[in-house]
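Q: Using the hints provided, position chain B with the ligand relative to the given structure of chain A.
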Amino acid sequence: MKADPQNVLTGAHYLDGNYAIAEGAIAAGCKFFAGYPITPSTEIAERVSRRFPLIGGIFVQMEDELASMAAILGASWGGKKSMSCTSGPGFSLMMENFGLGIMLETPCVLVNVQRGGPSTGLPTLPGQADMMQARWGSHGDYEVIALAPDSPQEGFELTIHAFNLSEKYRMPVLLMTDECVGHMTEKVIIPPPEEIELIERRYTDKKPGEAWPYQENELISPMLPVGEGYKFHITGLTHDYRGYPVINAEAQAENVDRLMAKVKENVDDLTWLEEKDVEDAEVVVVSYGISSRVVQPAIAKAREEGIKVGQIKMVTVWPFPEKRIRELAGKVKALIMVEMNYGQVYLEMDRCAAGRCETYICGHAGGTVHDPGSVYSTIKDAVK
Amino acid sequence: MSVETTKQVSDEHPMEHLLRMDRIPHIWCSTCGLGTTVRALAEALEQLEIDHDKVAVVSGIGCTGRVAGYLKLDSFHTTHGRAVPFAMGLHIARPDMKVIVFSGDGDLVSIGGNHFIHTARRNIDITVICVNNFIYAMTGGQVAPTTPIRARSKTTPYGNYETPFNIPLLAASSGAVYVARWTALHVRRMAMSFAEAISKRGFSLVEVIAPCSTLYARLNKLGTGLSLMKFYHDNSEIRHGADLNDIAIDYQSKIVVGKFLDVEKPTYLDALNHHNAGIFGDKYKPYGGGNGSD
Ligand code: SF4
Numbered sequence: 001m002k003a004d005p006q007n008v009l010t011g012a013h014y015l016d017g018n019y020a021i022a023e024g025a026i027a028a029g030c031k032f033f034a035g036y037p038i039t040p041s042t043e044i045a046e047r048v049s050r051r052f053p054l055i056g057g058i059f060v061q062m063e064d065e066l067a068s069m070a071a072i073l074g075a076s077w078g079g080k081k082s083m084s085c086t087s088g089p090g091f092s093l094m095m096e097n098f099g100l101g102i103m104l105e106t107p108c109v110l111v112n113v114q115r116g117g118p119s120t121g122l123p124t125l126p127g128q129a130d131m132m133q134a135r136w137g138s139h140g141d142y143e144v145i146a147l148a149p150d151s152p153q154e155g156f157e158l159t160i161h162a163f164n165l166s167e168k169y170r171m172p173v174l175l176m177t178d179e180c181v182g183h184m185t186e187k188v189i190i191p192p193p194e195e196i197e198l199i200e201r202r203y204t205d206k207k208p209g210e211a212w213p214y215q216e217n218e219l220i221s222p223m224l225p226v227g228e229g230y231k232f233h234i235t236g237l238t239h240d241y242r243g244y245p246v247i248n249a250e251a252q253a254e255n256v257d258r259l260m261a262k263v264k265e266n267v268d269d270l271t272w273l274e275e276k277d278v279e280d281a282e283v284v285v286v287s288y289g290i291s292s293r294v295v296q297p298a299i300a301k302a303r304e305e306g307i308k309v310g311q312i313k314m315v316t317v318w319p320f321p322e323k324r325i326r327e328l329a330g331k332v333k334a335l336i337m338v339e340m341n342y343g344q345v346y347l348e349m350d351r352c353a354a355g356r357c358e359t360y361i362c363g364h365a366g367g368t369v370h371d372p373g374s375v376y377s378t379i380k381d382a383v384k
Numbered sequence: 001m002s003v004e005t006t007k008q009v010s011d012e013h014p015m016e017h018l019l020r021m022d023r024i025p026h027i028w029c030s031t032c033g034l035g036t037t038v039r040a041l042a043e044a045l046e047q048l049e050i051d052h053d054k055v056a057v058v059s060g061i062g063c064t065g066r067v068a069g070y071l072k073l074d075s076f077h078t079t080h081g082r083a084v085p086f087a088m089g090l091h092i093a094r095p096d097m098k099v100i101v102f103s104g105d106g107d108l109v110s111i112g113g114n115h116f117i118h119t120a121r122r123n124i125d126i127t128v129i130c131v132n133n134f135i136y137a138m139t140g141g142q143v144a145p146t147t148p149i150r151a152r153s154k155t156t157p158y159g160n161y162e163t164p165f166n167i168p169l170l171a172a173s174s175g176a177v178y179v180a181r182w183t184a185l186h187v188r189r190m191a192m193s194f195a196e197a198i199s200k201r202g203f204s205l206v207e208v209i210a211p212c213s214t215l216y217a218r219l220n221k222l223g224t225g226l227s228l229m230k231f232y233h234d235n236s237e238i239r240h241g242a243d244l245n246d247i248a249i250d251y252q253s254k255i256v257v258g259k260f261l262d263v264e265k266p267t268y269l270d271a272l273n274h275h276n277a278g279i280f281g282d283k284y285k286p287y288g289g290g291n292g293s294d
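As they're listed, the protein sequences go chains A and B.
The first sequence begins at 1 in our numbering and counts up one residue at a time.
The second sequence begins at 1 in our numbering and counts up one residue at a time.
In isolation and in its complexed conformation, chain A is listed as follows (with noise of 0.2 Å):
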């Protein structure tokens, strides 16, 4: 399906990441926003509420976090694309009802505009240093999707990627970004809405009476309908495929190794990398973000200087690219992690790397994007 072109502002801009992703998430036609305000996020929920009153969507502006993520699940199940933004404080109150959206296998989109934690810590400084809690902030064992864009133009793109995402495998799906897209301003080329394709839920064709909330030995079921009278039940305790309660230990194999199997079996469809100058490396830079942007000028200084260094950026970040780390592995003398953190999810390419070459961490606490020279000196040090 197209998008809807009342929804869709073809043509050139100049936007900041947040006013991109909210522009991305109406082409995507998210027509339910619940929100509480938290800096850097705040635009993304501004933006929505000054477009929506005229494209028939919904702005609520709630009374907490909790709130606002209970709310877009309530939402749509009633049928609407929903969606909330964040931060990291409100992210960690967001992680109750994300894991009740995983387990009732709801889509919507939770952005997260990272700051630097724990805490308050830095509210209007940049940040990656949510990328585990976005993995595991939920408690219980489960899989996520999270993209990261590295500018305006991606977290448009990315945001209309993430609902279609959660559309095809019924489930959140978190746009993990920083207060620096966020606050950038650029270029951003939205196209004509026949451009723009969108994927539509997915309904039961059975009738009322021979259809249940997860089909039997489906991997995503088709959702039902409210108010159609297929009078289901949803739940988030531990369930059989008619949703109801089963609480034993085979019920939680069966329900949670399906939670994971949507995603690990899609692992394929899901990894989106783009690589450069990775054929002859022999040492590769692995980023995301805003990070895989700052990287640049070293690994342009590195290649002048004849050493050869390839760069991958991870669009999406979980599932983790497993399968090409672990090539790559085998191939490369050392891969380097970039990410404003301490080595999150550097610890996922050193697993998967299993000693096979060496593997670094280029971090820091957060606060400001990376000096180019320090990741310039750590591919120095890889090749020595």
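If you're looking for bench data, these hints aren't it; they were derived computationally from the structure.
Beta carbons: idealized from backbone N, C-alpha and C, even for Gly.
Any given hint could be a false lead.
Short, incomplete list of chain A residues facing chain B, as computed with Cβ under 7 Å [unchecked claim]:
{"hint": "1", "residue": "Leu-54"}
{"hint": "2", "residue": "Glu-63"}
{"hint": "3", "residue": "Ala-67"}
{"hint": "4", "residue": "Ala-75"}
{"hint": "5", "residue": "Gly-229"}
{"hint": "6", "residue": "Lys-231"}
{"hint": "7", "residue": "Gly-236"}
A: Below, chain B with the ligand without anything else, positioned relative to chain A:
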């Protein structure tokens, strides 16, 4: 903690079409006040002659939170305290449907207290049924923000000394348009209030004072669930329109019941549409028509 009941429910329950018979027997203890309350809701839905396809029930966590699992309606068992905002999202997405939150006192006014007052303030058009049994039952009988002073619980073994919430006063002062209270034995009046609340446009609250036979009654040596249910009923006084400041509940004393508030106020969506029509004129298409899929 709730005790599995093994007793067989009679073959044909009169409300069978509104219950998930494939989930019976339920987990509630016998003589728990929840039974009559669920029955009263089923009766209200019958009285109303509304399309049951267009009714959704949302519950939080707790013994009362299990209600969503037994009603044969689109039903959502959510997280602790968040039934109300989940219901709000559902209602806004599908304003043509009746959305009923059915949950307990701890769920709604303790962990969900902030959502309760703000959803009332916005006058979101949902109905909240709050079963108040003065205790956290599912977790084994701890003190609640509704436990009367002097009552014992597992975490107030020497009696409670915190002032409890007066739930009707809390709802009304936050912005609810319909507020009533009954005990679990006022089955017919309770059903009537449920029907009125569901028909009412705006945030409506019905509090039901119900015995928790297994924990509250036992810990306070108040007899069986049935005798406590009778006690609540017999010690109640119907006072419609009572001053909400006068209806706080003391330990084992008089319970004022009745319809306390029934006023008209624009709902959240009324206010939104009215406001935006004033700002944008003809360019604005009122939100909430049809099935909301526009
Ligand atoms: S509220 Fe009390 S009596 Fe009712 S089911 Fe729970 S534990 Fe049993």
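Q: Each hint should be assessed against the structure and marked as holding or not.
A: Evaluation of the provided hints:
1. Leu-54: Since the shortest Cβ distance to chain B is 6 Å, the answer is holds.
2. Glu-63: holds, 4 Å
3. Ala-67: holds, 4 Å
4. Ala-75: Holds. Min distance 4 Å.
5. Gly-229: holds, 4 Å
6. Lys-231: Holds, about 5 Å.
7. Gly-236: holds, 6 Å
Hint violations for this structure: none, all hints satisfied.
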